[in-house]
Every structure is written in C-alpha cells, then in structure tokens.
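Student: Sequence:
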Amino acid sequence: MKKINLYIFIFLSLFVFTQCNYKLDEPVPQQSFTTDIALSTPEGVQNAVVGVYGIIAGSALYGESIQMASDLVGASDDFNWRGTFFAQRDLRNKNMVADNGIATATWITAYRAINAANNVIDKINVITNITDRNTARGEVLFLRALCHFDLVRLYAQPWDATGANTGLGVPLMLKANNFEKVSRNSITEVYAQVIQDLQNAEILLPTTNNNKATTFAAKALLARVYLQQGNYTQALTKANEVIQSGSYVLGTDVNTVFDGNNTSEAIFEIQQNSVNNAGQTNSGLATFYSNQTGIGRADMEIRAEHLALYTAGDKRRNDLFYVGTGNKPGEQACGKWKSPVKNYNIIRLAEMYLIRAECNARNNTSIGATALADINTIRNRAGLTNLTTVTLNNILFERRLELCFEGHRLHDLKRLKQNIVILNGTTTVVTTTFTYDSPKAVLPIPLREINVNNNLVQNPGY
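Sequential numbering of the sequence shown, starting at 872, is according to the working numbering.
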C-alpha cells in the first residue's frame, strides 16, 4: 500500500501540484525526465492510470467545477448564488471576464489530465500482460475523451449552433508533453476524436473494473455525446446496450443513489473518502451545495420556482431537497451533494433510461422499450403513477427533474436551442434571458493562455 500511495503522490505531484505555473505551450523538461523514470515499469504505468483518476477527481474538474460551472451558467433560474466568491457569481450572472478563476482552473486541469493520459498511452507497452495493457489503455482513452468532451461543451459554441460545426472548438491534445503553441481544432474535429477514443475504450475495457471505467461507462458516455449531437439513432443504441446489459439496476429510492457509494445504478463515479476528496471547506460539490450543521457553505439556494416543478407525491421533492440547518439556516438546499466524503455520480443508469426514451420518441421507435415504459420506470421510482401517453415534452420535463443539479441543464438547453434564464429576487422577480448560443454562455479561454500563445483565438465577448 505504501508503494502504491508513493506512486500516486509522484504522479499527482507531476500533474497537479505545479498547476499554478502550467501553460499549454510551456516546456517542462524536468517533468518529462521524471515521467520517463516513473513510467519505466508496469507498476509505474498502472499507478500513472490511478494518477489520471486523481486529477479528474479534483475540485477543478469532476469533484466540483465541471458540474457546478454548467449549473451556474445554465440553471440560473433554479437557484440563487448566495456565496461571496466572485468567479461563481460571475458565471451565474453571465458576466465572466477572461481571467475567471473557475474557467482558468478547469481548462488548465483538464489539459493536465489529458497530458497525463497521453503519457500513459506513450508508455503503455511497458505493461506486458495484454489484458492489463488493454484495460489501462481503455481507461485513459475514456478519461481523455471525457475531458475533451466537457472542454468543447464549455469553451465552444454548441454542436449545430451554426449547422456546419466548423467553428472553433478546443485544442485536441493527443501527444504527451506537446508544448508547442497549439491552436483550436474545429468543433467537428473534437467530437470526432471524442467518439473515436470512446469507441476504442469500449472495445478495450472490461465489463467490471473495480469501480473504475468499464466498457459500459464508455457506451454510456457515447450515448451522452451522440445525444448532444442530435444523433438519436446512435445515442439510442448505446443507451439501450447499457440498460440491456443487466449490469445496473435503478435504486428503489433515488436518495440511495446519492447517499451510497458504487450503488447498483452508478455507471461511473468519482471515488471519495475521508482522506481523498475534492474538498471539505472551500472546494468540492458538497462545500457549495450542502447546508447542514458543520458541512458546507450553502451557497446554492434552491429557488421556489424549481421546487414548484414537482407534483404532489414526487419523492424527489422531499428526498433530494431539504431546509438547511447549517451555514444558511432556513434556506432550501439540494440533497444530492450533502457529503464531501461520499462518491460523486458522473454517469448513472437513470440518464440512460431518459436518453432511450427521448430517442425512441424522436425516432418513433420502441427499441428496448417504449418511451412511455421508460418514463414510467423513472416516475414509478419517484413514487408517481403511470402516464397513459407520453410526449417529447413529458420526457424532457422528467429529464430536468431527475438530473437536476448534476451538470446537465446548460448542455440540454443548448442542444434543444432553448433560452437560458436568470431569475433574481423573490417578491419581485427579475428575469434576464440569453439565447442558447449567446457568447455569454461560453466560458472564456483563460487570459494567461491567450497572452502566451498567439495561435489561440479568444471567444467573442472577452
């Protein structure tokens, strides 16, 4: 155990602790030299894979900012920002500047994770056991795809905003330690690479993998990517494969999905415990969402308008929202992210049911099940009675309720080409509206990157 922890420390030191000084085009020869040594044995490469998981689990990525930045920008009609941090406030208000702290940290850390994955790929043949080698390669391809996908969704215009998808995406980093002055690939190129990485990962990964990425995690993420593109046939195929695998089962109570670790519904989670977590004071999802005694800043106050969406008897209303007793007593809080030491769900089975239902409805098919049956499965788990007919709007509404505050809302609004709304005030509610393709709903390329790399083009408005 000490040896494993030492390797993890080495890789997190290489790829995380130097974060503040890292730029995409800045050479770090010492890092390359040390990496070659650390990746010279099968054990070293295996532990480097663990290191990539460690990077994405941090607060700048899937331990906080990927989900929360999306909600701050896209779900600003569902909650009030009650915190004092300017970076989060500016995201919610769609008033970001080019050196926004969240936009900068997320960009830098995502590319650090991608570079770490590329280092593993470069040294993958050091692993002599073919099964272990395939699994390790599949894992880092999955993680590289995950990062590239969320980068292009956050820092570029949405898929199909202009029709051609030839607009600026984000840089594709496919080689380790490539410190040239990179430029932005097109949106089409980024999506194509994400899909290619996931298709390869799907083949390489096993069906079970000790709570790490599996072939079903790759299929599920592919379903999400295809849905974002409006490729409903492929999204349906992948979601159906995950559901029909029988490897996952909806929890009897939605609350258990977020109160437990590695539940029957979890397809891919960020693993956390009391020692290794995204943060318990000023970072991590629980820090900002939780409003319990001794836990959380309670900065995300759920608005009454969101709570009013749930009909009487919907367990999600009572089980996943509560009146806070912590830093801001009496305010409504979301119970999905109560604990800083519980796992954070990234992909879960309910999303696959919702994707299958939506795609079947759009395609007028019933592959795997009817759209009505899938929506009733989600509703029944929430304690609601069956619908007798279902429309696309019914499905999208259930998706909004089921997946709220998990980082989906912004990307759903963009793919559906619906307005993004800010609600402020209680007695007198002030509404501010932005179009789905507004430059204000796209994060800035970090100013520090623009300043040192004249090949990088900044997003409009910054």
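Hint data in this document are derived by calculation from the structure and do not stem from the laboratory.
Bear in mind the structure is a predicted one, so any value in this text is a computation, not a measurement.
Be aware that a few hints might be false.
Derived Cβ-Cβ restraints for the label pairs, each shown as a range [said to hold, decoys possible]:
(1) D907 - R960: 35 to 45 Å
(2) N1295 - V1194: 15 to 25 Å
(3) T1127 - V1194: 35 to 45 Å
(4) T1256 - G1117: 18 to 28 Å
(5) T912 - N1234: 20 to 30 Å
Backbone N, C-alpha and C fix where the C-beta goes; we use that ideal spot for every residue, glycine too.
Student: Taking 35 to 45 Å as the hint, is the beta-carbon distance of D907 and R960 inside that range?
Tutor: Holds, since D907 and R960 (Cβ atoms, about 43 Å apart) stay within the stated range.
Student: Is 35 to 45 Å respected by the C-beta to C-beta distance linking T1127 and V1194?
Tutor: 21 Å, violated
Student: For the hint 18 to 28 Å, verify it against the beta carbon of T1256 and that of G1117.
Tutor: 27 Å, holds
Student: Quick check: does the Cβ-Cβ distance between N1295 and V1194 fall within 15 to 25 Å?
Tutor: Holds: the Cβ-Cβ distance is about 22 Å, inside 15 to 25 Å.
Student: Using the C-beta atoms of T912 and N1234, is the stated range 20 to 30 Å upheld?
Tutor: 50 Å, violated
The structure is inconsistent with the numbered hints 3 and 5, although it conforms to all the rest.
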